[in-house]
Amino acid sequence: MWQWFHKLGSPKWFFGIATRFMPWLLAGGILLLAAGLIWGLAFAPEDHRQGNSYRIIFIHVPSAFLAQSIYISMAVAAVVTLVWRMKLADVFVKAIAPVGLIFTFLSLFTGAVWGKPTWGTWWVWDARLTSMLILLFLYGGVIALDRAINDEKSAARAVAVLVLVGVVNIPIIKYSVDWWNTLHQPATFKLTEKPTMPMEMWLPLLLSVLGLYLLFGWLTCIRMKTEILIREQRTRWVRELVMAGGK
Amino acid sequence: MAFDSFSAFIVMEGHGPYVWACYAVFALLVAGLMIWSVKRHQSVIDACQRRYVHDAKNSRRPAHKASATFTRVEISQD
Numbered sequence: 001m002w003q004w005f006h007k008l009g010s011p012k013w014f015f016g017i018a019t020r021f022m023p024w025l026l027a028g029g030i031l032l033l034a035a036g037l038i039w040g041l042a043f044a045p046e047d048h049r050q051g052n053s054y055r056i057i058f059i060h061v062p063s064a065f066l067a068q069s070i071y072i073s074m075a076v077a078a079v080v081t082l083v084w085r086m087k088l089a090d091v092f093v094k095a096i097a098p099v100g101l102i103f104t105f106l107s108l109f110t111g112a113v114w115g116k117p118t119w120g121t122w123w124v125w126d127a128r129l130t131s132m133l134i135l136l137f138l139y140g141g142v143i144a145l146d147r148a149i150n151d152e153k154s155a156a157r158a159v160a161v162l163v164l165v166g167v168v169n170i171p172i173i174k175y176s177v178d179w180w181n182t183l184h185q186p187a188t189f190k191l192t193e194k195p196t197m198p199m200e201m202w203l204p205l206l207l208s209v210l211g212l213y214l215l216f217g218w219l220t221c222i223r224m225k226t227e228i229l230i231r232e233q234r235t236r237w238v239r240e241l242v243m244a245g246g247k
Numbered sequence: 248m249a250f251d252s253f254s255a256f257i258v259m260e261g262h263g264p265y266v267w268a269c270y271a272v273f274a275l276l277v278a279g280l281m282i283w284s285v286k287r288h289q290s291v292i293d294a295c296q297r298r299y300v301h302d303a304k305n306s307r308r309p310a311h312k313a314s315a316t317f318t319r320v321e322i323s324q325d
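Chains A and B supply the protein sequences, listed in that same order.
Every letter in the first sequence is one number past the one before it in this note's numbering, and letter 79, counting from 1, is 79.
In this note's numbering, each residue carries its 1-based index in the second sequence increased by 247.
Not one of these hints is a red herring.
Pairwise CB distance ranges (calculated): (1) Thr235/A <-> Lys286/B: 17 to 25 Å; (2) Gly140/A <-> Val300/B: 31 to 39 Å; (3) Tyr299/B <-> Met199/A: 54 to 62 Å; (4) His301/B <-> Ile72/A: 38 to 46 Å; (5) Val258/B <-> Ser10/A: 50 to 58 Å.
Hints were generated in silico from the structure; no laboratory data involved.
Glycine included, C-beta positions come from ideal geometry on N, C-alpha and C.
Next comes chain A alone, as it looks inside the complex (with noise of 0.2 Å):
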């Protein structure tokens, strides 16, 4: 476990296991998502309350599981960081900050365009809006202090605090529609439950939000890879890789 660990923690290592990864990452998340879509677009049954409005339920939803998710790793990584001092946590954090920030605006920005024919309004400052609103300048906040101090580990340590305080935004995000009377409908996604809506819509929806998560995966990857070589340029297993390509 702790050699498994420490080995997680080299960025050679990593280096090679995410170039191995990452052809099968695109090629499963393209396939997925693809399917998950166009089954979605073309396919699925039209809803009876919202009629076609609600296809984009297929790109909403995964884009805002997203927006969470990575929310989480972030903070999960930023523990890493403040308490083992793991180079490769830092490294993560800034690699996948700018996804998690485009994530977020999409499912800002997809809400608001489904929000005008389903609700009669482009926003409204209801609980699980607004919460949403407070991520995407959380990550904002993240990507900017980041770049604000130019020293490696004092930037790594003031992002780690910065996203663990943070992280208080994320369970109101998910009760906010339990808590209070918004407008926004309750979580059609759930894993321990059985779902809510028939199989048509449910699986293009699971595609869709898989796909997107591997899709994901090979950002984090060749972003990482991008982070490691420019922290790393120095040494002499990056010259060795760079002069033979870079693969």
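Knowing the structure of chain A, use the given hints to seat chain B on it.
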């Protein structure tokens, strides 16, 4: 297929603009993020490569310089 014709698929009973706008922005941002990440990775590799080549040239140059010599210098002690 949930629609009778291709035009019905595009129009989606009036919800077309909302649905297609969402899918377009989603595709644009996700593909953009992926392409940006690949390009940035490649540009970092290129920059490293240039630096190593540059460093290799620079480190060879001092070898051509005359090495330091320790010749006796006569200094008057008066």
